[in-house]
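*Asks:* The residues making up each chain are set out below.
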Amino acid sequence: MKPPFSVIFLTTLIGMGQGLFLALYSEQIYLSLTQGEMEPFNFFFLVSTCIALCLTGLGLIASFFHLGHPERAWRSAACWKTSWLSREVIALPLFILFVFIYSLNFFPGFTTHILKVDSITINLSIVTGFLCSILCIVLFVCTSMIYACLRFLQEWNSLFTMINFMLMGCASGFILAATISSFMAPLLTLNYVVIAIVLTILAATSRSLSLARNKKLRPKSTIQSALGINNPKIVQKSQGAMGGSFNTRIFFHGKSRLFFKSIKWIFLTLAFLIPIIMLLMELENNRPFILLFALLIQYIGLIAERWYFFAEAKHPQNLYYQAIS
Amino acid sequence: MKKKQLALAIDLNVCVGCHACVTSCKQWNTSGSAGPLADKRPYDEDPTGTFFNRVQTYEVGEYPHTQVVHFPKSCLHCEDPPCVPVCPTGASYKRKEDGIVLVDYDKCIGCGYCSWACPWGVREMDEKNKVMTKCTLCVDRVYDEALPESERKPACVLACPTNARFFGDINDPASEIAQAIQENDGYQLMPEWETNPSNYYFSRKNKAYDAMTGKDEAAS
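Listed in order, the protein sequences are those of chains A and B.
To convert, take the position in the first sequence, counting from 1, and add 7; that gives this note's numbering.
To convert, take the position in the second sequence, counting from 1, and add 276; that gives this note's numbering.
Hints were generated in silico from the structure; no laboratory data involved.
Careful: at least some of the hints might be erroneous.
[To be verified] If you want the footprint, here are the derived chain A segments under chain B, 3+ residues with CB under 8 Å: (1) 83–92; (2) 148–161.
[Said to hold, decoys possible] Examples of chain A residues lying across from chain B (beta carbon under 7 Å, computed): (3) Leu-74; (4) Lys-227; (5) Ser-232; (6) Ala-233; (7) Gly-235; (8) Val-242; (9) Ser-252; (10) Phe-253; (11) Gln-324.
Keep in mind it's a predicted model, so treat the numbers as computed, not measured.
No residue lacks a Cβ here, since even glycine has one placed at the ideal position from N, Cα and C.
Between the sequences and the hints, there should be enough to build the whole structure, so can you do that?
*Replies:* Here you go:
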């Protein structure tokens, strides 16, 4: 498949935004369980939720560039009963809305938002955060199922697609949380760095396993089943048009074998290896700019990863487009 | 009785690869009320355009035992079309009354997701209109009572000089197409995906070809 950059930015940006939200909410739960003070970190939470809003908002904007008729985008919420794309279209703005509501809890003056029902006290930010985390997971599922549900694209048609999207989103979100906290709330940074290391290692493992799985795949469709002709030797002589067509533009990545293969090693290095080494080195001192650098390197790596994710998928229609003339 | 399902059947015995079905398809569908199908740089180095139907050519077998097979390919109007449920807007749909798979150009947002979901690559995004297009089985002519009955067929069927193309209700046992499918052992493309394509193909019938495709061994 030809990697569409709008979708690459959409999936990597919202993944990081979702990961950042989960990083914030898990810290809040941790603080409330350990009876830690939330007050000193309110400003950090406010800035971070705003960054999560920016990332998911940018992702939403990027998605419009994928459409031929962006002005009709509102229509795409119609078929949520059958289409994962439609479900994502609903889940993403809802998630953004709930992160916004969650962020209100950290505005100065909103901090006493505690409901008291009889003897039980309920912190409103915990409740909105909980709803938001459910939406966050729903969004991860919808986004990844858009690809994983296409059974013809065997490289995507696997649980790995979902696990990878989640782990990579969370890893980048936690590195971002570590970076922001190193500037604003250094007390929290160590926790974030440790979890980010674990998540990045998990993401690297899961992505490597899916690479190994895809390497072993045998295409279910062959030129024989595509034409219904049972002869081992079939060579295409023409595809019906001398120039290109939609079919040759959208379903082939169009890069050399070397380029394609090198992107794999580039993303494994940039998205996983370098960030893990940098974070391990920063366990002691948590220098903000080093963390920021690790974040940027990982993000470039994730863009390469998503490029490879698309390019790796071999569409069965390509069987009909092997030779121009 | 099974529901009506309009479709095509293509006889690879007689297709000569003349592309008359391609050009007549383009001519009819570029002249309809939906507006022209885009052509980009038609007279320049890198021409491209939207087509609902393409004829491809394959060489089958090892020289000197080779045969050239011309292979017309358009939407197969699957009974269980994978391109329909993925559409987020409902623009892509399968008609209940005759099983034709269509795109509502006014609802299509041009996301291209349905084309990813079609294993045959028979949906093409129109570069100018920015909507997904595909074979309509000439729905705007097969019911047109202003046309004489003999012409209420898809443009490609009418244009074929060798009568390689059949059109009709494949689920009506009395129809010409259903009988032709029966007689010629019509087969579906990529049956492994279980979408039950409605278009059928008839494979070559001659001894040399059967020997090439291993059919005579299977029979003996």
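*Asks:* Verify this for me: three or more residues of the segment 83–92 of chain A with a beta carbon less than 8 Å from a beta carbon of chain B.
*Replies:* holds (count 8)
*Asks:* Quick one, is the Val-242 (chain A) hint okay against chain B at 7 Å, beta carbons?
*Replies:* holds (5 Å)
*Asks:* Let me know if the C-beta of Ser-232 (chain A) comes in closer than 7 Å to any C-beta of chain B, holds or violated.
*Replies:* Since chain B brings a Cβ to about 5 Å from Ser-232 (chain A), closer than 7 Å, the hint holds.
*Asks:* At a threshold of 7 Å, is the proposed contact between Ala-233 (chain A) and chain B supported by beta-carbon distances?
*Replies:* holds (6 Å)
*Asks:* Grab the minimum C-beta distance from Ser-252 (chain A) to chain B and call the hint holds if it beats 7 Å, violated otherwise.
*Replies:* holds (6 Å)
*Asks:* Count the residues of the segment 148–161 of chain A with a beta-carbon closer than 8 Å to any beta-carbon of chain B: does the count reach three?
*Replies:* holds (count 6)
*Asks:* Restraint: Gln-324 (chain A) near chain B, CB-CB cut 7 Å. Satisfied or not?
*Replies:* holds (3 Å)
*Asks:* The hint names Lys-227 (chain A) as touching chain B; please verify it with the least Cβ-Cβ distance against 7 Å.
*Replies:* holds (5 Å)
*Asks:* Quick one, is the Phe-253 (chain A) hint okay against chain B at 7 Å, beta carbons?
*Replies:* Holds, about 4 Å.
*Asks:* Against chain B, with CB atoms and a cut of 7 Å, does the hint on Gly-235 (chain A) hold up?
*Replies:* This interface hint holds because 5 Å falls under the 7 Å limit.
*Asks:* For the restraint on Leu-74 (chain A), tell me whether the closest CB of chain B is nearer than 7 Å.
*Replies:* holds (5 Å)
This entry satisfies every hint, going by the numbered hints stated previously.
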